[in-house]
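Student: From first to last, the protein sequence lines are chains A and B.
Mapping the first sequence onto my numbering, position 338 (from 1) lands on 338, and the numbers just tick up by one.
Mapping the second sequence onto my numbering, position 285 (from 1) lands on 285, and the numbers just tick up by one.
Wrong hints could be hidden among the right ones.
No farther apart than 25 angstroms at their CA atoms in a straight line, the calculated lysine-lysine pairs in the DSS-like style are these [what the hints assert, rightly or not]: (1) B/Lys265 / A/Lys190; (2) B/Lys5 / A/Lys190; (3) B/Lys65 / A/Lys183; (4) B/Lys225 / B/Lys244; (5) B/Lys347 / B/Lys248; (6) B/Lys100 / A/Lys369.
Calculated from the structure, these hints are not laboratory results.
Given next are the chains, with one letter for each unit.
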Amino acid sequence: MGVKLLLENDHIEGIRYYDTYRKHGGYRAAEKALKMAPADIVEEVKKSGLRGRGGAGFPTGMKWSFLAKPEGVPRHLVCNADESEPGTFKDRYLMEFHPHLFIEGLLVSSFALGSNHTYIYIRGEYAWIVDILEQAIAEAKNNGWLGKNILGTGFDCEIYVHRGAGAYICGEETALIESLEGKRGNPRMKPPFPAIQGVWMRPTVVNNVETLAAVVPIINMGGEEYAKIGVGKSTGTKLLSVCGNLNKPGVYEIDMTISVEEFIYSDEYCGGIPKGKRLKACIPGGSSVPIIPANLLLKTAKGETRIMNYESLSDGGFVSGSMMGSGGFIVLDEDQCVVRHTMSLARFYNHESCGQCSPCREGTGWMYKILKNIEYGKGKISDIDLLWDIQRKIEGNTICPLGDAAAWPVAAAIRHFRDEFEWHVLNPDESQKRNYGLAHYADPIHVPASA
Amino acid sequence: MSDQKFKVTVDNITIEVPAGTTILNAARMIGGDVTPPAMCYYSKLKDSGGKCRTCLVEVSKGSEKDPRPMPKLMASCRTTVMDGMEVKNITSEKVLDARKGVVEFLLLNHPLDCPVCDQAGECDLQNLSYEHGSESTRYEFKRRTFEKEDIGPYISLHMTRCIMCFRCVYTADQLTERREHGILERGDHAQISTMLNKSLDHDFIGNVIDVCPVGALTDKTFRFKNRVWFTKPMDAHRDCGNPKCNGKVRLWMRGEEVFRVTARKDQWGEVEEFICNECRFEKKETKDWVIEGPSVINRSSVIAQGHYVGTKASPVLIDKVVGQQPKYLMNIHDVSDVNRPDVDLSKIEGPAHSDDFKSLNKG
């Protein structure tokens with residue numbers, strides 16, 4: 001059994017309501033934190049080594065310490081609950097079943113950052129969760145955890161839930177800020193970063209739901225204790241939302257010390273692949289991160305066992321590794337077609353591009369059209385190189401990371417599954433009737449003896 | 001703070017600029033071809049820039065204090081210089097490669113209907129493609145089209161030509177009291193539009209024509225009247241009743257006939273001062289204007305090839321910073337009979353006609 005922090009009380013019925021949550025130790029962290037100096041809370045979070053759980057994995061404590069604190073200008077904490085990455089649904093679980101843990105994390109973080117008006121920007125499709133959160137906020141307010149002069153500390157805090165309208169791009173922090181301000185959700189040019197000029201040009205911190213919830217155990221157990229869980233720079237626990245060809249898809253909390261193989265095959269977690277099928281490929285961190293074949297997923301290119309944490313998953317860079325990302329673990333078995341899979345991702349990014357900067361606006365649609373041709377047996381061999389060239393010209397040349405997110409899956413699919421693309425092009429009729437199958441993608445990779 | 005000077009090096013040419021200057025503006029102070037092209041940035045419009053990605057440059061040294069290079073190519077129009085910064089534009093293979101990619105992306109869905117486009121000859125995209133594009137496209141799909149929209153009696157909107165620079169949106173936002181138009185939809189089907197087919201009517205809305213880098217917004221009163229390179233640019237002014245307009249314009253004439261009125265543009269293709277609709281659309285008689293004389297055209301563009309009186313070539317620095325002569329896809333003078341350097345268009349009376357060039361040829 002791994003350590004559980006966020007989902008520790010998951011089995012308790014009614015944990016989403018205030019009374020039950022409070023009875024099981026809820027709002028202890030808030031009590032403790034409100035007696036601390038805000039700077040000490042930031043220090044604890046720094047010590048904990050907590051990394052942003054939204055995808056980029058930026059150290060949260062460091063992000064908090066960047067927040068500008070000019071005299072007389074209000075600061076804001078904004079929670080990014082616009083969880084729209086295909087394959088990621090961990091924040092939804094947290095907000096739906098543990099709203100008070102989340103509100104408590106928000107309260108502690110707001111106190112640490114000095115935000116009197118804190119916003120939750122929630123994905124529009126999560127309509128029913130808005131009600132859950134608003135109920136939880138009302139309960140917290142009735143019990144004196146929100147509002148004016150909380151616990152007599154003189155600290156005021158209001159939390160507002162703001163619903164998005166269904167755009168993936170509004171999960172990018174500056175687009176989220178624009179949307180929150182009531183404008184079109186186009187990412188802003190950086191600098192200035194939100195820590196200097198964010199919502200209404202005031203200093204702002206934007207954090208993921210899981211990141212803010214993780215502040216609660218950090219305060220309860222202390223930053224140093226929290227940092228002892230996990231390995232290296234991957235401290236604490238991480239929620240993973242697992243889907244695809246697995247016996248037990250769902251949301252799991254791991255402590256980042258177990259191997260990928262154990263995670264997929266053990267009964268405690270995903271429970272293996274249905275019908276005894278073999279593993280073909282996996283996207284370990286949500287649709288934007290590179291897809292890797294089975295042989296590179298279970299072992300790194302150096303022949304080491306791959307562990308479910310930030311460092312190990314990205315071992316080998318994009319050449320032979322991937323990323324932890326937002327924790328959307330998607331598993332593909334031997335019956336899945338990588339070309340079709342890449343096509344549907346390309347379609348998604350084409351649809352979700354905001355259209356502000358040229359490489360992403362034009363390039364994503366172009367990639368989708370080419371992939372559609374290849375998938376439906378109308379492709380040419382030269383199309384594969386063309387795809388590679390398009391993704392190369394999008395990556396790194398756009399305003400926001402959506403361009404990179406659109407380019408990486410295509411790049412990784414071509415890098416690792418080129419033969420499958422070629423097979424599609426060379427066998428236009430056969431590819432419409434059957435899949436390429438597992439081929440050699442699970443074969444052990446020859447590891448050169450290291451010096 | 002304001003009189004602090006920063007040293008910045010663009011393509012091995014060092015210049016001192018005030019703190020807060022962007023890389024693009026620093027490069028413009030040097031001038032010539034080390035200046036990155038800009039399709040969306042417009043110095044007169046606040047918040048513009050950063051979108052088209054044609055002005056990407058490589059920052060090979062961040063500053064004197066922090067000499068690390070920047071990991072990605074930077075949009076020079078939105079990146080301010082630091083003291084000791086070193087920037088590579090035409091000396092960087094990476095930049096030229098990325099820029100070629102951006103031009104390809106911009107032309108992907110562009111109809112390339114230059115032969116029937118009123119903007120041809122003074123089109124930023126045309127200039128950009130001559131300089132940085134490839135001779136053919138790798139795009140094999142149907143180009144994007146839009147439903148035609150009528151936005152009033154003065155301005156014609158061709159959404160298919162639009163490259164989404166947002167300049168017109170900023171113009172409408174910043175020059176007019178109420179928002180006239182904006183962007184509808186998202187991604188590759190985003191379009192500029194007035195809500196529900198409203199027409200654009202405001203004293204200064206005509207300026208969207210001048211700021212448009214392509215032929216998406218053109219002058220309806222000049223529509224299909226003439227090719228711009230057959231008209232002569234003349235500086236002129238009048239006493240304009242509008243307090244915000246100073247009446248200083250450029251007339252595009254043929255003989256004694258005024259074909260078109262635009263604002264005066266500087267060497268970067270930006271208007272010097274915005275003009276009102278009355279000057280632009282209503283005053284098309286020579287008697288309405290006090291003509292000052294032929295305009296100086298000093299930007300590197302297709303129209304600058306037209307050899308008017310006072311045409312100034314922009315400095316060419318590429319051989320100095322790269323050490324070799326650039327390769328052109330085509331030299332217009334080799335293929336065109338009507339654009340001969342020895343024929344001065346300003347001196348031809350009346351409309352320029354191919355006969356003028358032929359007779360000169362014989363003579």
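Student: Against this structure, judge whether each hint is valid.
Tutor: Against the structure, the hints come out as follows:
1. B/Lys265 / A/Lys190: With Cα atoms ~30 angstroms apart, B/Lys265 and A/Lys190 exceed 25 angstroms; violated.
2. B/Lys5 / A/Lys190: holds (23 angstroms)
3. B/Lys65 / A/Lys183: The given pair, whose Cα atoms are some 38 angstroms apart, is violated under the 25 angstroms limit.
4. B/Lys225 / B/Lys244: The hint is violated at about 29 angstroms.
5. B/Lys347 / B/Lys248: holds (24 angstroms)
6. B/Lys100 / A/Lys369: Answer holds: B/Lys100 to A/Lys369 is near 21 angstroms, not above 25 angstroms.
Hint compliance for this structure: hints 1, 3 and 4 are broken, all remaining hints hold.
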